[in-house]
Each structure stands twice: as C-alpha cells, then as structure tokens.
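A.B. asks: Residues per chain, in single letters:
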Amino acid sequence: MNGVVIKQIGDISIGDSAYFAKTVTEADVMMFAMLSGDYASHHVDESFAQTTLFKSRIAHGMLTAGLICPVLRLLCGDGSTTRSQEIAFKSAVLLNDTVTVKGEVTEVSEDDKVVTIEVVCTKQGHVEGDRPLVLGTFKQALVV
Amino acid sequence: MSHHTRTPDIATLKVGDYAIFKKTVSPTDVMIYAGASGDFSPLCMDTTIANHFGHRTNLVHPMLLFSMAGGAIHRLLPEGSRTISRSFEQLQHVYASDTVSIVATIESIDHKKNEITIVIQCFLPDESLALKGLAVESLSVSKENLA
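If you read the protein sequences in the order shown, they are chains C and W. Counting along the first sequence from 1, when you hit position 25 you're at 25 in my numbering, and nothing is skipped either side. Counting along the second sequence from 1, when you hit position 25 you're at 25 in my numbering, and nothing is skipped either side.
Simulated from the structure, these hints should not be mistaken for lab results. Quantities reported herein were computed from a predicted structural model and do not represent experimental measurements. Glycine residues also receive a C-beta, built at the ideal position from the N, C-alpha and C atoms. Keep in mind that a hint or two might mislead.
As the list claims (entries may be wrong) - Just a sample of chain W residues kept apart from chain C, beta carbon distances all over 10 Å, derived:
| id | residue |
| --- | --- |
| 1 | I10 |
| 2 | V15 |
| 3 | D17 |
| 4 | P27 |
| 5 | I32 |
| 6 | R56 |
| 7 | L64 |
| 8 | S97 |
| 9 | T99 |
| 10 | S108 |
| 11 | Q121 |
| 12 | D126 |
| 13 | S128 |
| 14 | A130 |
To be verified - In silico EDC-like links for lysine to aspartate or glutamate, alpha-carbon gap of 20 Å or less:
| id | chain 1 | residue 1 | chain 2 | residue 2 |
| --- | --- | --- | --- | --- |
| 15 | W | K132 | W | D98 |
| 16 | C | K7 | C | D112 |
| 17 | C | K7 | W | E115 |
| 18 | W | K14 | W | E115 |
| 19 | C | K90 | C | D130 |
| 20 | C | K123 | C | D11 |
| 21 | C | K90 | W | D46 |
| 22 | C | K139 | W | E89 |
| 23 | C | K55 | W | E127 |
| 24 | C | K139 | C | E110 |
| 25 | W | K23 | W | E127 |
| 26 | C | K113 | C | D11 |
| 27 | W | K132 | C | E86 |
| 28 | C | K113 | W | D17 |
| 29 | C | K123 | C | E110 |
| 30 | C | K139 | C | E104 |
| 31 | C | K102 | C | D45 |
| 32 | W | K23 | W | E107 |
Please put together the full structure from these sequences, using the hints given.
C.D. replies: Given below as structure tokens:
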C-alpha cells in the first residue's frame, strides 16, 4: 500500500479526471451480500437468476457504486470523505463483467473545501452512445 | 442463500411500512469491503493513521453503510424489486465495531410507475443519526434498470 496522499483544495481543479476498473466476481457479490445483508434472489440464487431476463445473477447496485470510491480518493486524496451523493442505476452488472469508473471534477468550492465530482460507470465493450451502468454526483469534503 | 421468492406486488405495501437491519460493523467487514470495492482508504484500513487524524479508530467506509440500506430494503420489499436511484448524506462518522441500525421506511408509492420511495436512516446506539438518504425502487420488470 502506498503512503497517505493528502490534497489541499488548491491542488484540485475543475476538469481533473481519474479512472478505476475492476472485474466483479461471484466472490465479490457473495461477500457483499454478507456485508450488506442484501440476499435478494437475483444476487445470490443462480436457479432463480436463470428465470430472469439476464439468465445470470447480477451484482448489487451498491457494489458497483462502491467501485467509485477509489476514483474519489484519486481525485481528492486520502483525507477526504463523501459528504453526499446521488446515484442513478441505469443498467445491470452481470457476474464477471468488468466495470470502469470515470470521475471528473466539475466544481471546487474553496470556502467550504468541497469538491463536486461527476461519475459514469461503464462495462467492457462500451462505446459512445451505449447506456452506462451508473451515473453519479458526489460531494467530497476535504476534512484533513 | 436465498430466503424465498415472492411475487412483486405493490398492493401489499403501504406508506409507513418499515424494516430494520441491525449490524455490528466489524473491522473484518471493513477489510472485506475494501477488497470488494478497491477502496483502501488509510482512514479505514490503518488505525495509526486514523488516530493521527483525530479518530478513535478506523472509520467505516461511508459507502459500506449506504450499502447496508440494501439489507433493510430487502426485508421491506417483495422479491424482484430493483434499485432506480439512491442518494445519501453523511452526518457523522461511524467507526469499526460500532453497531448501526438501518431503518428503511416507505415514504410514497407511485402506482402508475410501480415505484416506491424509501427513506433510509442509519442510527448509532445512542440513537443519533449517522446518515440519511432516499432510495427509489421499482417493482416493474425491466432489463435496463435492474440493479
């Protein structure tokens, strides 16, 4: 693990961007069910999932949303914390899909040290015009 | 592990219905979540660093707490419900080994859209509010928005 990266508000500019990508495995989904308590059948029951449109289990939406956090830290450093967020789920993540997160700084408030970041998550093979997986807006506060 | 399968039926739900998911968020939970999400924030992973910045111990990832809303929502809604959107605001930090109670309460039901808006609250043992938010869930079968 690298050392702690502390950013000051002056280190962050509108237009800064960062990426993170991860393949979502069955282990991830089962661990996430354990952590969150969300054992909905379309996440954990393969026989049920085979009866759905996807013919596969799908990842929890908030598991996908969790992949956004590394991008927030890349943009705002380790001394930041999420003050508020709005997330819209547009499409499903199937087991073994690879999710790519892109975050871009759209607003920097020097007075209250809050950074606004717009986020889009896509899956492998995504091309311009395809439906994204997740769209989000995050307010990241620099607390250190 | 699937509990059981129920047919989505918005008629069985009413405003004010609620469910609670209570959990002690262990340091192990925090570590496992870091592995699943890729978020190895030092404030969550390293007690020394957390102490250095004035915290009594490791923080719980806010997104892990937000995720536990799913545990309450799963107990509230019929099987097959899907997340449309979620928004959250964190009011105070939660630390590893804290016990939190996530309460999901139906705020409104849109019968035309087959959508339900749910208020999410996360309480600490002293009954103070650590986070609050809204979740919009759909009971309509749609390949596009299933999450």
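A.B. asks: Look at each hint and say if it fits the structure.
C.D. replies: Against the structure, the hints come out as follows:
no. : hint            : result
1   : I10             : holds, 17 Å
2   : V15             : holds, 22 Å
3   : D17             : holds, 17 Å
4   : P27             : holds, 13 Å
5   : I32             : violated, 5 Å
6   : R56             : holds, 15 Å
7   : L64             : violated, 6 Å
8   : S97             : holds, 15 Å
9   : T99             : holds, 13 Å
10  : S108            : holds, 18 Å
11  : Q121            : holds, 15 Å
12  : D126            : holds, 21 Å
13  : S128            : holds, 17 Å
14  : A130            : holds, 13 Å
15  : W/K132 x W/D98  : holds, 17 Å
16  : C/K7 x C/D112   : holds, 15 Å
17  : C/K7 x W/E115   : violated, 41 Å
18  : W/K14 x W/E115  : holds, 12 Å
19  : C/K90 x C/D130  : holds, 11 Å
20  : C/K123 x C/D11  : violated, 30 Å
21  : C/K90 x W/D46   : violated, 35 Å
22  : C/K139 x W/E89  : holds, 9 Å
23  : C/K55 x W/E127  : violated, 42 Å
24  : C/K139 x C/E110 : holds, 13 Å
25  : W/K23 x W/E127  : holds, 14 Å
26  : C/K113 x C/D11  : holds, 11 Å
27  : W/K132 x C/E86  : holds, 12 Å
28  : C/K113 x W/D17  : violated, 38 Å
29  : C/K123 x C/E110 : violated, 34 Å
30  : C/K139 x C/E104 : holds, 12 Å
31  : C/K102 x C/D45  : violated, 31 Å
32  : W/K23 x W/E107  : violated, 23 Å
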